[in-house]
Each structure stands twice: as C-alpha cells, then as structure tokens.
Amino acid sequence: MIKKYLALITLMCTLTLSAQDYFPKNDGVVANNTNYTAFTNAKIFVTPTQIIENGTLLIKDGKVVSTGTSVTIPKNSNVIDVLGKSIYPSFIDMYSDFGIEKPKRQSGRSRSAQYDATRTGYYWNDHVMPENNAMDKFDFDTKSAKDFLNAGFGVVNTHIQDGIVRGTGLLVALNSKDGNEMRVLDPNSAQYLSFSKSVLSNQSYPGSIMGSMALLRQMYLDADWYSKGNSKTKDLSLEALNKNKGLVQIFEAGSRANDLRADKVGDESNVQYVILGGGDEYERIDNIKASNASFILPINFPDAYDVEDSFLSSVLSLGDMRAWNQKPSNPKVFADNNINFAFTTHDLKSPKEFKSNLMKAIKYGLSKEKALEALTTMPAQLLGKSNMIGSLKNGSYANFLITSGDVFDEKTTLYENWVQGRQTILEDMNTKDIRGDYEFNLAGETFKLSLKGELSKLKSEITSDEKTRGSKVSYSNDWVNIAMTTVDSTKQEFIRIVANTFQDNSLNGKATFPSGNEVSFFAKKQEKANESEDGKDKKNDKDDKTVTVLPVTYPNVAYGFKELPKPETLLFKNATVWTNEEDGILENTDVLIKNGKIDKIGQGLSALSATIIDASGKHLTAGIIDEHSHIAASSINEGGQNSSAEVSIEDVIDDTAISIYRDLAGGVTSVQILHGSANPIGGRSAIIKLKWGESAENLIYKNSPKYIKFALGENVKQSNWGDIERVRFPQTRMGVEQLYVDYFTRAKEYDIVKKSGKPYRKDIELDVLAEILNKERFISCHSYVQSEINMLMKVADQFNFNINTFTHILEGYKVADKMKAHGVGASTFSDWWAYKFEVNDAIPYNAAIMHNVGIVTAINSDDAEMSRRLNQEAAKAVKYGGVSEEDAWKMVTLNPAKLLHLDNRVGSIKVGKDADVVLWNGHPLSVYSKAEKTIIEGVTYFDLNRDSEAREQIKEEKSELINMMLQEKNKGLKTQPIKKKEKELMTCDTIDQTN
Amino acid sequence: MKYLKIKVLILVMLCSSIAMPQQTPANKQTKDIAIMGGTAHIGNGTVIENSIIVISDGKIKTIGNADTTPITLQAMDVIDAKGKDVYPGFIATNTSLGLIEVDAVRASSDKSEIGGLIPNVRSQIAYNAESKVVESMRPNGVLIAQVAPGGGRIAGKSSIMQLDAWNWEDATIKANDGIHLNWPSSFSRGRRWLGEPSGLKPNSDYADQIKEVADFISESKAYLNGNRAVKNLLFLAMEGLFNGTENLYIHVDDEKGITDAVNFAKANDIKNMVVIGGYHAFKVANLLKNNNIPVLLTDTHELPSLEDDDYDLPYKNPKLLADAGVLVGIQNGEPANFQTRNLPFYAGQVVGQGMDKEEALKLITSNTAKILGIDKQLGTLETGKDATLFISEGDALDMRTNKLTHAFINGREISLETHQTELWKRYSDKYKNQ
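Just so you know, the sequences run in chain order A and B. Last residue of the first sequence: 995 (my numbering), numbering continuous. Last residue of the second sequence: 434 (my numbering), numbering continuous.
To be clear, the hints were calculated from the coordinates, so they are not data collected in a lab. Here the structure is a predicted model, which means the values were calculated and not measured. Check each hint, because a few of them may be wrong.
[What the hints assert, rightly or not] Subject to a maximum C-alpha distance of 25 Å in a straight line, what follows is the list of computed BS3-like cross-link-like pairs (lysine-lysine):
no., chain 1, residue 1, chain 2, residue 2
1, A, Lys-491, A, Lys-467
2, B, Lys-201, A, Lys-979
3, A, Lys-979, B, Lys-283
4, B, Lys-283, A, Lys-981
5, A, Lys-459, A, Lys-352
6, A, Lys-955, B, Lys-256
7, B, Lys-256, A, Lys-979
8, A, Lys-597, A, Lys-706
9, A, Lys-958, B, Lys-316
10, B, Lys-283, A, Lys-955
11, B, Lys-385, B, Lys-61
12, A, Lys-228, A, Lys-762
13, B, Lys-425, A, Lys-818
14, A, Lys-955, A, Lys-979
15, A, Lys-910, A, Lys-691
16, A, Lys-370, A, Lys-332
17, A, Lys-820, B, Lys-425
18, A, Lys-836, B, Lys-111
19, B, Lys-425, A, Lys-836
20, A, Lys-562, A, Lys-289
21, A, Lys-232, A, Lys-981
22, B, Lys-201, A, Lys-971
23, A, Lys-794, B, Lys-430
24, A, Lys-974, B, Lys-201
Chain B extracted, bound-state conformation:
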C-alpha cells in the first residue's frame, strides 16, 4: 500500500515535470481558473468551507461559498479541491533568499556589504532568481519573500520578491521597501587582545553607537532640505524614511534596545518603524502597541536566548505579542536560508501554545503583508487581490499534512518541482528498477 502510494505520487510528479520543466517560470495566466470545494483559509482569521475561488487575469475575481456563489464554469480550468485546503501564498520576511546560495562558500554570498552606514545599497539587484534554494521554498507554500541585506549598522535596502521569475526585475513586487538598521547591542564582547575578559559585558560604546546613527540622520535631513546640487548617495537614500515611502526595519531583541529604538524613531521623525527580532518585545508590548509599531519576530524554532527562560518562550512569543494587541509577523534571518521553507511550521508551532490556527496563519500572511506595506495586493484570499495562493492536501501549518498540489503566483500556475524532487525521482526510479 505504502509503495503503491509512492508510485502514484511519482507518476503525478513525472507528469507535471513533463508539462512544466523544473525552474522554468510559468507563463502569464491566459484562461480563468476555478478552484472548487476547498476549505479556504482567508488569512484574515476567517475560513470559507466548500469554497469557490475564481482566478482571472492574475487576480482573485471571486471568492465565496460554492453553494451561495453563482459561477459559470464554462471556459475555465476547474480544479477540484474537495477535502483540500487553500491558502494565500506565505510571505517570508527578512530573508537572504537569492543572496546566499551556499552559506559556507564565500563566493556564493552577497549578503553583507562593507561601509557601516550604507542605506544606498540594494538587495534587489543581487537577488538570484534562479537559486536552487529559492525554488525549494515553493513546495511548502512560501511564494513571496522580502530579501534583506545584512552588513554593518545601516545595512541597506530590502525588496520584496515573488519566487517564480526569470530575473530579479520580473521577480520584484516592491523595490526598496525599507532600510535595515542593526541596533547597537547592550552587551559587547571583551577585547582579549587588550587584556579584557572574553565574555559578554555591558557595551560601554552603546550611547556613542546610537549617536553615530542619529548624527547620520540629522546630516541626511539637512542635506535633503538643501538644494542637493552635489549628489550625496548616502543622504539621498534616506529620503524614503522621512516621507513615509520606506520602512525603517530596526533589528533589535532586548527590552532596553527596543525602548530606545522606539524613542529614537520618534525623535528622528521616522514615519514607519518595524522591529525585527523582538525576542523581548513582549516586555514592552504596550509601548509598541501605543506607537503602532509592528514586530517581525524571529522564527519560533529557536532556543531560548537566556538559560533561565521558559523552554517554550520562542514557541509562544508571537502569541504574547498578538494577545497584547501588537501587529506581529514571523521572520527568519538566518544565513542558513534553506530553513525559510519551514515558515508554515514556525506559525504552526504557536498553535501548540494556544493560538487559534487562523490567527497563527496571519503571522505569515496578512500581518506580514500589512507590515511590509503590500496588503493591498497580497496577504489574503480576497477579491481583487493577486492570485498568489496554493492548494494543500491538508493543514499547511503542520508538517504532517502540508502537501501542495497546486500553487499560483499572480494566477500563473507555478512548478512545484525542484532540484530536490528531481533527485528524489531519479534515485527512486533507480531502486524501483533494480
């Protein structure tokens, strides 16, 4: 029985790979598609059982209950999704997808530029649309990713990409969505060469390091107020923070750092600030809520950062913030970016801590879309939004049941094949024929 099932699966895969060669981006949608009978997880906390979803011209044209929504299925491709689940494409934030291919091979990394304060550096143009790691995201439902640079104090600008494209230009959903600031750490390592003990001690340069950024911001503002006759790439790159077109993503985890960062952003007229990391954000949830500052929490599959912490603190952290009324999403900034495909399970982990499943889904769909400023087109299964969605045989937040059968980006049915499924088939066949 077991083997039979595998054979069937293999057959399915073989067919689809013939129809759609691996890694070749899908063509533009030409024919309307209707997904019938699935349980639609809207991404805003609600569910439509026995749903019908019509995709037309890359957008969701209709979504509703199949019994109550009249639709003419003629001239449409109809997908039977009975017993299956339909989700909006999951959105991964703060990733290094397409910037790092093999973490240990320096030649394959474009994650960190030098210079310290470099808001002008942009991840968008270094994004490798043909990365094998990127394609491996899709079979798990991760269809959209924010790609962020990582070096220095101000690391540069991130962009938001969809994960099925010929090149970075086609992949771009939103270019330069924000600037990433690595907040100074409250602790620094002793400098052994100066005879200091090597452990972590309070960072005596903390205030100076903040001042360096504050000065840079002041200089930028002064420059932008002037006639800009002489081009200054660094200062020009800061403009979006002051006119509200770009987010300031502040990477910070500790209670004091977050508090300082919030006050810093206020004092410097930063329009849209987002906390990335936020391990101890729950301790200052009120402050964040009152200032409308969202948090992109580090993924739940992490160890507690302090020895005495609750063993399940990383598991429940998103719930703590959500319960306190903070807008929260989940991110994974690890250089080991293959892990990003586990994004659905990071959200699933919170359900085990008592969060409602549909609320947990928001952590990787509508909430992240809002935080990134792409919620008008993405993040939920709602009429008029991009048809970027997928069908899973079961609950996509649980690894037990996350099995995609179809996925769409802007209505284009994308391949769920990867370098890995190809090897799987090749070697399964080898032993089958022995």
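Chain A extracted, bound-state conformation:
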C-alpha cells in the first residue's frame, strides 16, 4: 500500500520539478506541488558527527527543510515512518568519468614519431587541453547511474579522463528522473590534470614523467605571460587555463611518488592540487602529510596472489606481497595522520566492488566516522560545495540513504537512495524478513524448509527424512512462490506452493501437486535455528577481526630498514687506509668517524663512546663514486624533443630501487644519475648519495653543483631506432653541431634580454642553457668518436665556456691532447666496445692514455650491474696500460668527485670530509675482495652481517605472507595470478615506457 503511495508522490514530483517555469506546456495543465515529505523515527546522520536519534527529516522541492527531534511537520506532508532505520547523506564520488565516453586511440596511426602539435590556435602541445569541457561531451548514463545508486552514491564529479591538462569537469546528481537542468549541480566544478598523455594525439613530447612535469611548469609560466597580454598570437588553451584558474584543481597522480611530484609542480606554480593518490602513500606518510595536499583515494585493494604453486610464487617480491597486506590500511594511516581524504570508486571495475573494499578498509582500522566523512562532507568540502551536498543540513539537496542500520555493516540492507528528493528503491524496506527455518506437512509428510540469503534473492532448502528436495523460491510483494521436486527423482515433476506472509512467523497458502490437486499450505517458523546461526556469525566476525598488518620498512621492500639508521662514532683500528691524498696508502692506521665526518687519521687513536671496528688485514677506502649511472630513477630519457634541458632527473628519483642497495654492497656511496642519450641536449642530472631508506628528496645532494647531460653520435641521431625514425632533426653529426649552435645562440639572445630587465617570456629550457653560458652549470657529454668530441669543444669555445666532462669518451685517447688543452675531464668505461658501430675503435687502454696525458680520468658504469664492481673496473686500468694501483683507485673515487666538483666533500679520506667510506676484506682492486661495510656520513647503510640477517628475515616474512594468502584463498576469496616483478634496468638508451 505504502509503496503505491510513494509511487504517486514520485509521479507528482515529476510533474512539478521537471517543468521549468518559463517552458511552454503542451501535455496537460500546470500543477504545482508544494507538499512536504517527512521521514520520522529515524536515526539521522546529518553529518558524520551530528547524529540525531529518533528524529525527523523534512524535505521539499528536492532539498532538506529541516532535521531534528522536534521538527514541526506541516499539514501538507507525506509522512513516512522509518522506525528503526537510519538515514545517511548519500555518498559523493569526486573522481569519475560518469557519462563521458572514454576517448579512444585513433586507429591507423603512423608508426614514426610525431614531434609537432596537430592543432593550431591552441597550446603547442596537444596533450594540454584546458579548453575541454566535460559538459559538452556529457550524456547521462542511466545504467551506470544505477550502479552508483546501488553503491550508495548520490552525486559524482565527472570529467574527460584523457591528457595532461583535461579541462573542466561537472558535478552531477544521479537523478535519473529529471533532466540536466536539475541534476547538473555545477557544469565547471573542477579542472583536471595528470602526467599521462592524451590518446588522441601522437605527439611525442612529453615522453616521460619528468617531461610532463616540465611541460606543466612551462605552461603555467606561459599562461601568466599570456594573461598580461604579451602574446601576439591567439592561444585558446592558455585562455581557458587562465579562465579555469579559480576552480578546484584535481590531479591524477596515482602513486606515492607521483603524488609528491604533482604537489611539487603545483607548489612551484602556486597551485594546490587535490591529488588522486595510488594507495601506497602509507609507505612514507610523513612526506605525504608535508605536502599539505588533500587526497582522493581509490580503494582497489589488491587480491591475494594465488600462491599454491610454490615454483611460480617464488618469483613474487616481498614488496609486492607486502602491498597486498598493507594497502588496505592506507585510509587508516591517512586518518591517523589527519590528512584530508575522500574516497573514489575510480580504479574499481564497477561501483559494485566498492562496499567490500570499504569494509576492508574499516576492518584494517579506519573508523566508520572517518569513512563516512570521506564519502560525504570531505568531498563536498574539497569541491567547495558543503552548502549543497555531503550533509543533511538545512538547504542541502535531499540526497540521502535509508538503511536498515549501520551503513558500514556487512549485514545492513540499503533500502532507498534519494537524490534531489527523487526516490530510488534498492530493496523494499517494507518487505518482511521471512528468513529462517520452517516446518510444514504435505500429504502426511513432514518437511523442513530453510529460507536464507538476501531478501531480494532468497534461497530455499527443503528436506524430508534428511533427504534434500530440489527447490526454488521467489519472494516479492508479500507473496512467496516455491517449486519443489517430488520424491520420485526420475521424473521432472514439481509441487508448487504459493503462500502469503501477512501473518508473522508463518506462511499461509496452498500447494499444487503435479496431478493438479490443491491442498492448503501452512508453514510455521522455528525459533531455535535462528539462534545457532547468530552464534555462527559471531564466530566468523571474530575470525575476521584479527588482521595483521606487517610493519613498513624504509624503503618498503626487501632489505629495507625497520628504522632509519643513525650516524655513529666509529673508530677503525689498524686498517690499510687508501687516503687518495699525499699520504698515499697508510698501513696499520686508525680512522675516527664522528658527526658524519672524518674526524682523525693516525695511529693509536682512541675515542670515548666510539664503536671500535677491528680492521686489521682490511682496507679502508673512500666510497666509490659513479659518474655515470641510471639507477634509482623512474624515467631516464625525455626523447620527445631534440632538446630537453627543461627536465630534471631530480624530479624522478626512485627511493625504492634495489639497485641502491646492491650498489652499496659494491662499495658505492655516490652516483650521478644522468639523463639518457636520446637527444643532443638531454636533461639535468641528479647527484645522490646512496642513503638506502631515505626519501627521494633526502637522497639528493644538498647544494651540489648543477649538471646537464649532452649526447653525441648514434643515439642522438637515432641510428639504431629503426628505419622509420627519420624525421627528427638531427640525423647526422653535421646536424648535431648546428643544433648546438642554434640553441646556444638563442640562449645567449634570451639571456641578454633577461639581464636587461625588460619584460621577457620566461623559458625554462633557455634558462638552463643560459646557466651553461654563464658557467653556472656543467655539461657531462656522452661521446664516442673523435670528430664529435672535437666538434663540441669547438662549439663551447665559440660560446666561451668549457665542457666539464666527456662521459664514455671511448675515442678520448685519440684527441687527449686537445681535451687536455680544453681542460675537460673524462669518465670512461674500462673495457666496453664492439656493441655498436661507433665503438669499433674503443680500447681498454683509453683510461690509461688519457690519464698519462694529464686528463682527470674516471671510470664509470652506465650499468646497474657494473656499478657494483667498479673497484674491479678500476683494476682493469692497471691491467690495460699499467696505471699505478693508487691512481687506478682514484679513477673510481677522487677523480669522479673532481669531475662532479664535489672533491671538497667526498672522494678521499681526509679530515673534515664526509665520512663516506668502505671497509674491504682485502685489496680493494682485487676481484677476490668484497665490501664489508659501506658508510655514508657516519651511517652504516650496508653491513655484511646485517645483510645475512636480512636474508633470514625476508624468508620468514615471505613464508608468513604466503600463509596468509593461502588462508585467504581457503576462505574462498578471490586471488590474482602471480606477477613477476620487473624493474627495468635503465641505460642511456632506455625510453620511458610508462607514458
């Protein structure tokens, strides 16, 4: 009865609300409905913290009029008694593409790279599209809306999920009954950004995350410059960007590392993004908190891996296994740290998976209050729409849920989801709960009937004499229909039962036999059975509540530290000390390390409170420095243009890279992470210390000299990229020279204008090149053959600066005299050659010849494997060309420090320098020796003993996790197939695949 009544209300609402005042009406009379609807006797969550017991919610015209315990209900109210039920504000998803068709990659695209934009009148990069408006593409999707409504959502924010700058999105109520005139709450509710390129354009740039970051920075600068009327031409993108400036800016970052990268770009450009996270933020929550950003969190927690096959599961990394265990605790960690966050269904296959994941987050310690906040008030607040949505305060939209109880309880039924005063029935709340065990008699036989499952999808089980009969049940509108098989199982015959539920605790009706005979039917509910089921449930609950979240380590992978190690006072006794200074190699010498510095060198040293390390028979050296490395970065090349001076490797340090730890085990303490060699003017370097466990930011040297990578030869002219790559200038060494002359000429002109004080368009790329001209930035140039080496020195001469380092420099020995005259240093391979055409004349005597001519010569790796054996590579300079052992050792320590202008801090054992030292169990140049301890600034980051303990711990922790995953599978929960972790090892030639 009540239901029919409600339907009537709905119908009346339709008549009033959908008709706009000034629209003509041709299908009837204009009938205004000024009635109220009152929901009484409910537990009302006005906000997550303001809860009214036994209260009334009064709504009118799709909005909340009032809530409270003493609401005066006007006479023209439809009163709905919801005694014992709860009312919550319906949920908000602020990150979706609801109603927007997913942009599709164009088929039949050209195979060769495209370097220029396809559009005119817009920004120079196709992936920047602030002019896009999701409203133009919006088409209300009733089917998808239903999924959202079922999951409890009432309002979603939607946008075109494509490109780096994606334009504006809209905020829409999931009101299927009215048109856009009602449900579009804000057609420009936010502007969206990401690091990912558009699928609609093939433009190469940016080809890496660091490129995306650089592009965004330049775009903001250009927008500012444009807004001041400086541009002679029209740029609709920049105009739109400036127009959207006042909107909420939402950035799809998608991982802890990218969250911080996005925030960094925002901070530099005076924009505070609301960041879509990735779920791994708990790994370094302090950094996340320090960003001061608010977050949108997906809750697609990973399924357990299917670890039954122990062969396959042996490839799982501890990091991946931990992620399964730890990720569900991410929201709790956010809450504990008071970081603002909202939830989204983004990354879930369907909103249907939302509740189970949310329940998991709660099981892992998230409070229900915070959960509700993250679904209601927080997204409303982040969108600046708190007055409109997210709560049931007076004047808010009447967007609410009616539930059987606690909305975050598994057993709770979600009855109705009202949006803008429009009702959607998910489960008939007036349906009697008829679940339970019954007994009935038919034709002298006694049957047991058990009804269970969800009310809308009831399941039946019928037994007689302990034998189960086949049966099927349906239940709606107070009537139950059951079909059960007869005792003769050889025949396909059914007894049909139809019964009503008007009388409590019984089913009344009739049964029809296969013969057509009808008899009356009466089933009585049994009380006892219920209790035992409850008891069973409680037991399950208890099982579920014991959740173990394994502790995070720094970094959160194998061999990470439980707590970051601290600097110690260390006294090495009786070591053979390779000072790299005038003292040469000192036998039986003590070295004291204090406050992160080399404090004393001598014999018979003592120091209170110092940890004594017996180094008799062992060798103590300065830490190895790798001038040319590509470890610990999440991208290496920005090859989308022939110059990428605007990008910086400092933006993309990966503090979880196991290569850091492996390098430490090889006695390496510092590395320069160079940009790759995909283009003649590469990106800026990051010079890092291998402080395993520290965050990306803390790995980078403070106040280090500035460097940029240049490259020459086959790589920059794309010789080995396949025959299709013939469109990017330069394709020859002739072109490479002209490119440099062109860029430096422009940089010079730019710098003159900049220094003159006249207004100018700030260009990050030219700023960096001007730094080179002003001798504020050093070049490390990838080089092979003598012609190109000579050429670049002449270009530098022409612009009155010096090349600092030629790296690789395999034909350096052919022009060593010219290099010496120019004053450039060399950083080379010990013995690599023959891997491509331009290294045909590479010889292992190269280092010796350059060294003998008087060039500062280093030996580098460009390779994560070789990097951890650079001591052996130095020994090859002894073998090939007869360099003295002491000088050979400097080639991997002091000389690279000199090339990096860090020799005042590192590279030798000298009082006052950083305590970056390695204790070797034998002669450091010997293939037989290994590093026992690797120390940076007095902190022991690698220790052989700790390493062997860690191996045991890794084994134990993996066993524990495998056990937990097997339990999960046994419970019948979903699993995912084993994934073999691949961390791409980068070299000069690595092109970013992620973008």
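Use these hints to put chain B onto chain A, whose structure you have.
Same frame as chain A, but now just chain B:
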C-alpha cells in the same frame, strides 16, 4: 717510474708485433719449447710450483717439478717463467664469438636463424675466424670457444673452435658438439594488443610448447628407425642426441623448468644433457647430481634476477652447485660478446665467495672441457694433451694481475696483439713524441 714501465712494455709489444704481425695465425710448431720455473695451475685442482713444461709437436710432452723432472734443454726454445703463472687455455662456452661482430649492426650478426625447430643449422660454417672481437679474447687467456646459434626453440648446432686460425675449418676443434634447445619460459608477457596487462604472468602455453618439442623428437626417432629413403634434414640432424655423439644443451634457468627439462631428457632417451643458464639450478642440485647432468652457469657478473635475491647470488652460484657435487662451468651467452674476454674474472669472482682458487679455475678449464666432451685433449696441463696454454705475469683470475706474456694453441705461439693494442701503441706514440 710509471712511464718507464710503460715504455718498456711498449717496446716489448713493438718487437713482438714485428715478429708476428697482428692477427696472422701462428705457424705450426717446429721446435720443442720448454717453459721453466713457472707456477703451473693444472686445471684439475692441483698446482706444480717451479714447474717445467715441455711442448713438442703441439702436445704437452712433459710436465713436472723442475727439480725432479730431468730434461735436456738442448734444441729447445726455453721460456723463463719464474715468478709467473702457467694455465691451460680458458674455454668459453655458449658464445656468439665470430657470429656477431657489432651487436647493433644487423648486417654483422649471424646468431639467430628463423624456423623454430632447426637442429640442422650449424654455427661452425658462419664462424668468422678473422673477427676483431675474437682476437681480443686471447690476451686475457681465452683460447677456446664453443660457438652457439641462438634463435627459436631448437636453435641449431654449436661447434668448438680455437681462436687462432685462418678460417673456420682450421679453427674447428669439434664440429657439431651439440644441439641447443631454448626451454619454454614459465612466464610470458601479456599481449597488450589483446587487452592483457603487459607484465609477466604464468605462461599458459608452457605445456603445449614442451609438447611441440616432444612431438618433434618422437617424429625424429620414428624417421631414423625407418629406411630414410626420403631425406629429412631436420630429423637426420637429431641423430646425435640419441646415439650419444652430441650433447643436448637445454637453456633454462628456473627451478621448475630445470626439473621438467631433466625429466624430458630422460623420457626422450637423450643421452647427454647439459643445462645452460641454470640460475636456480642450485635449488635442484641433487636431481642434477643424481642424473649426472652438468651445468654451464651464466657468468657471475650479472644482477640477481629477482629483486629479493641475495645481492651476491650470481657471484656464489657456481660454488653452490660445486659444493653440491654438480659438474659446473661458466658461460656467457650475451650478444655483447666482447665481454667474453672477462671469463677469467667471472671465475675469480667465485673465489671471493669462498671457493678455492684452483677449484674456481676448473670452472673455465677442466670442467668445461668435460662438459663439452673435449677433455681428452684440452682443459688441463697434463702430458699428452694439446699444448694450448698461456703464461701470465700473475694470477690470471684477477684483473689486477692477469697479464699474458705468451700463449700457445696446439704448441703454436700465437700473437697477443689485437686491433686494440695497435691503437694503444699508435696513440701512445703520438703523445710521447709531442
């Protein structure tokens, strides 16, 4: 001092290059040679201090302690090796030497043929005896190499070559020593064009891929049992596996794959199976030992293949297998084959992990000779074996001290010059004269 030493060295090099032009293969031994006073590392785990080695007609005629072995040095060339070390020539396995000259230049590569199951394809005849990369092996002591093809499931046949010859025919020590089978991987990459995620996932075609090889073997056997009236090159090429004249080299790294491969070889009557790669072979060492299956391990200068692995697993891997009683050698299958000259240091690396130096030496001498089936003539410094050996100023397994002064292949004293030493001299002279 430093410069003086270099000058002397240069002088030595200049002389030798006049006497023996670079890259010209040495002539047949005509006069007996005695190497006196060196520390002889036999290659079987033993050492003879103050040794004497007499080379006659390309063979080791005598080897023993100089004090106790009576020799008449008349009519012999005598080489004073006091304070130096003498080793059997190092044997590199599973290489692409002579098949690839410059890795990035497609025209210079003959490593991989198409076809999938092609046991009839032979590396021997594509071997470039005049490769600059090949000659660069010798100054480090690498004098012998197995040259192996690399494409498809069954890649073809390898051959064993000595590295000082006018042509492939002269270079051949053993033609067609075995067939190379690339075992199916347990993991395969998702096919992105079919909408699968791109990472590595369990290979769902694994069983089918093994069956394809098993079927091929069955067909081969059936054919070989018949009258062979119609020639089938593919099936004929398989015969050596069943009569034991050729090894089956199975390239496989993972625990399950190795186990499956061992059972596969047994089930298919393969007489001699060798594991190449064998990263996780230590996990099934007992199985390998019990079935007498040797392993040619990937070189030690590699990164651990899994993130959580011991950082030094590749370093100690040969020791793990040797300790478990498995016959093990070291190989380097990289297309960047210039690295093969670092073979001695791959072995030296294991010493740092606690293996005895002479045991480590076996990894690149006697063990590999046994595995390749050339141990009757090569792999150790023993009477009657080929005089393929060299003298180093110091410990040849350590880059600090590996400096060759003489090297012999079948008693022929070969040049230690290369394209690289020539450039070294040319440019050193340039700056010396400035």
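Now for the hints, and whether the structure bears them out:
| no. | hint | in the structure |
| --- | --- | --- |
| 1 | A/Lys-491 - A/Lys-467 | holds, 16 Å |
| 2 | B/Lys-201 - A/Lys-979 | holds, 5 Å |
| 3 | A/Lys-979 - B/Lys-283 | holds, 21 Å |
| 4 | B/Lys-283 - A/Lys-981 | holds, 20 Å |
| 5 | A/Lys-459 - A/Lys-352 | holds, 21 Å |
| 6 | A/Lys-955 - B/Lys-256 | holds, 20 Å |
| 7 | B/Lys-256 - A/Lys-979 | holds, 16 Å |
| 8 | A/Lys-597 - A/Lys-706 | holds, 24 Å |
| 9 | A/Lys-958 - B/Lys-316 | holds, 23 Å |
| 10 | B/Lys-283 - A/Lys-955 | holds, 15 Å |
| 11 | B/Lys-385 - B/Lys-61 | holds, 8 Å |
| 12 | A/Lys-228 - A/Lys-762 | holds, 13 Å |
| 13 | B/Lys-425 - A/Lys-818 | holds, 18 Å |
| 14 | A/Lys-955 - A/Lys-979 | holds, 18 Å |
| 15 | A/Lys-910 - A/Lys-691 | holds, 21 Å |
| 16 | A/Lys-370 - A/Lys-332 | holds, 9 Å |
| 17 | A/Lys-820 - B/Lys-425 | holds, 19 Å |
| 18 | A/Lys-836 - B/Lys-111 | holds, 16 Å |
| 19 | B/Lys-425 - A/Lys-836 | holds, 23 Å |
| 20 | A/Lys-562 - A/Lys-289 | holds, 20 Å |
| 21 | A/Lys-232 - A/Lys-981 | violated, 51 Å |
| 22 | B/Lys-201 - A/Lys-971 | holds, 24 Å |
| 23 | A/Lys-794 - B/Lys-430 | holds, 22 Å |
| 24 | A/Lys-974 - B/Lys-201 | holds, 17 Å |
Figure legend: structure checked against the earlier numbered hints; the only hint not met is number 21.
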